[in-house]
Structure formats: structure tokens, C-alpha cells
Amino acid sequence: MVTLEMIKRDTEIDTYIRKGNEYLGAMGFTEHSYRHVNLVSNVSQNILEKLNFDARLVELAGIAGYMHDIGNVISRYDHGQSGAVMAYSILKQYEMPPEEIASVISAIGNHEEQYGHAVNEVAAVLILADKSDVHRSRVRNRDFATFDIHDRVNYAVEHSFLRVSAEQKKITMELTIDLEISTIMEYFEIFLSRMVMCRRAAAFLDCHFGLVINEARLL
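Note that the sequence shown covers residues 0 to 218 in numbering that gives the first Met the number 0.
Worth double-checking, as some hints may not be accurate.
Restricting the straight-line Cα-Cα distance to at most 20 Å, the calculated cross-link-like pairs of lysine to any residue (SDA-like) are [as the list claims (entries may be wrong)]: (1) Lys7 to Ala54; (2) Lys169 to Ser32; (3) Lys7 to Ser32; (4) Lys169 to Thr182; (5) Lys168 to Leu204; (6) Lys169 to Asn45; (7) Lys168 to Ser88; (8) Lys91 to Met194; (9) Lys168 to Glu48; (10) Lys169 to Arg139; (11) Lys18 to Gln80; (12) Lys7 to Lys91; (13) Lys7 to Asn119; (14) Lys7 to Tyr87; (15) Lys91 to Leu204; (16) Lys169 to Phe143; (17) Lys169 to Arg216; (18) Lys91 to Lys168; (19) Lys168 to Ser32; (20) Lys49 to Ser88.
Computed beta-carbon distance windows for the label pairs [as the list claims (entries may be wrong)]: (21) Asp205 to Thr10: 14 to 22 Å; (22) Val118 to Ser88: 14 to 22 Å; (23) Glu179 to Pro96: 45 to 53 Å; (24) Ser192 to Glu11: 26 to 34 Å; (25) Thr175 to Pro97: 23 to 31 Å; (26) Gln167 to Ala144: 38 to 46 Å; (27) Thr10 to Gln113: 24 to 32 Å.
Source of the hints: derived by calculation from the structure; they are not laboratory data.
Don't be surprised by glycine CBs; every beta carbon is placed ideally from N, CA and C.
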């Protein structure tokens with residue numbers, strides 16, 4: 000049985016994560032390093048655990064979360080698709096059952112907002128975990144004067160948390176934003192499509208998606 004710990008020890012996967020993050024940095028994109036993939040992996044597992052899903056599905060969600068950005072080593076564009084193909088080759092070598100491979104690669108291939116859909120439970124939680132990771136620690140640019148809107152919005156977020164309530168069937172993204180750095184309107188300007196994607200992913204899990212910014216409920 001393929002486990003998340005096996006995946007984390009895989010030197011090939013490690014190289015793709017490390018080099019992919021390096022290449023994105025060269026293009027000016029936000030951080031996509033071990034911090035990001037570990038967070039997405041943990042949050043993906045946490046959502047399914049709190050919603051009382053099967054333990055093996057929780058493990059697969061963790062694997063998909065950890066591997067979801069390996070396609071960045073090829074290109075930022077359509078990295079979900081290329082990452083899914085790469086993940087298939089790797090997991091096939093581990094002799095992971097086809098049913099499990101299907102769950103993981105479909106999640107990876109559907110996590111980009113340009114074309115992604117919550118096609119199964121693993122894909123749904125990967126979308127929610129990935130799109131909720133907005134925080135100033137992801138901004139690489141240290142020159143505030145040259146911030147673009149993505150740098151500014153991410154840097155303005157002082158705290159982000161995805162709260163799951165199985166009893167109320169709610170998944171709520173909670174943000175604390177420094178409004179002197181960025182406005183809430185700017186947040187929606189670049190993240191509206193992601194919030195729509197999160198709402199649909201939560202609905203797939205039979206949950207309502209909420210958004211709370213500075214203690215004010217917006218969704």
C-alpha cells in the first residue's frame with residue numbers, strides 16, 4: 000500500500016517540487032515550496048477526516064496534495080495536466096491500484112481554476128486546500144514598491160484558516176487582511192474564480208462554502 004510518507008521520501012518527487020518552485024521563482028510567481036505542498040496535503044486530509052470519510056481516501060488526499068504541483072517543473076501553464084501525467088508514471092511504478100491512481104491523478108489534473116472541477120472527493124478537497132493558501136509568507140518579492148496586485152493581496156493576508164464543521168456541513172475560509180496594504184475588492188479581483196471553484200468543491204462534499212474576511216461574512 001502506497002503511503003504519504005513513502006511519497007515524501009521519494010527523491011524523484013522531491014526534485015520536481017524543489018526545482019519547480021525554483022523555476023516559478025525565476026518567473027516571479029509566489030512560493031510553491033515544501034511549505035505549500037505540505038500545507039495543502041495536511042489540509043486536504045483534515046477536511047476528509049473531519050467529514051468522516053474513509054481512512055484510505057484521507058491518505059490518497061494527502062498524496063494528491065503533496066504531489067499536486069510537480070507539473071510546475073515543466074511549465075506553470077497547464078501544470079495540473081502535466082503533473083497528473085507525471086504522477087501516473089510515478090504511482091504506476093509503485094504498483095498503486097488503478098482505482099487509487101485514478102483518484103489521485105484526476106484530482107491533480109483538476110486543481111487549476113482555468114478548467115478544473117471537483118470530479119471526486121479527493122479533487123474537491125485538493126481544490127479547497129490549494130485555493131485557501133493565501134498568505135504573506137508566499138510573497139518572494141521583498142521590494143514593496145514593485146509589488147503587483149498578486150504580491151499585494153497575498154502580502155496583505157496576515158492570517159488564513161479553513162474551518163470545517165461536519166455538524167453544520169460548512170467549510171469556511173477565514174482571512175485577516177491588512178486593508179492598508181490591499182482592499183477586499185482587490186482580493187476578489189484576482190481570487191473570485193477561485194472562490195467560485197471552492198464553492199462548487201464544497202457543494203460536491205455536500206457542504207456550504209463560506210468566506211469571512213476581517214470577521215465579516217461575505218459568502
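| said: Run through the hints listed earlier and report the numbers of any the structure violates, in increasing order. | reply: 2, 4, 7, 8, 10, 13, 15, 16, 18, 19, 20, 21, 25
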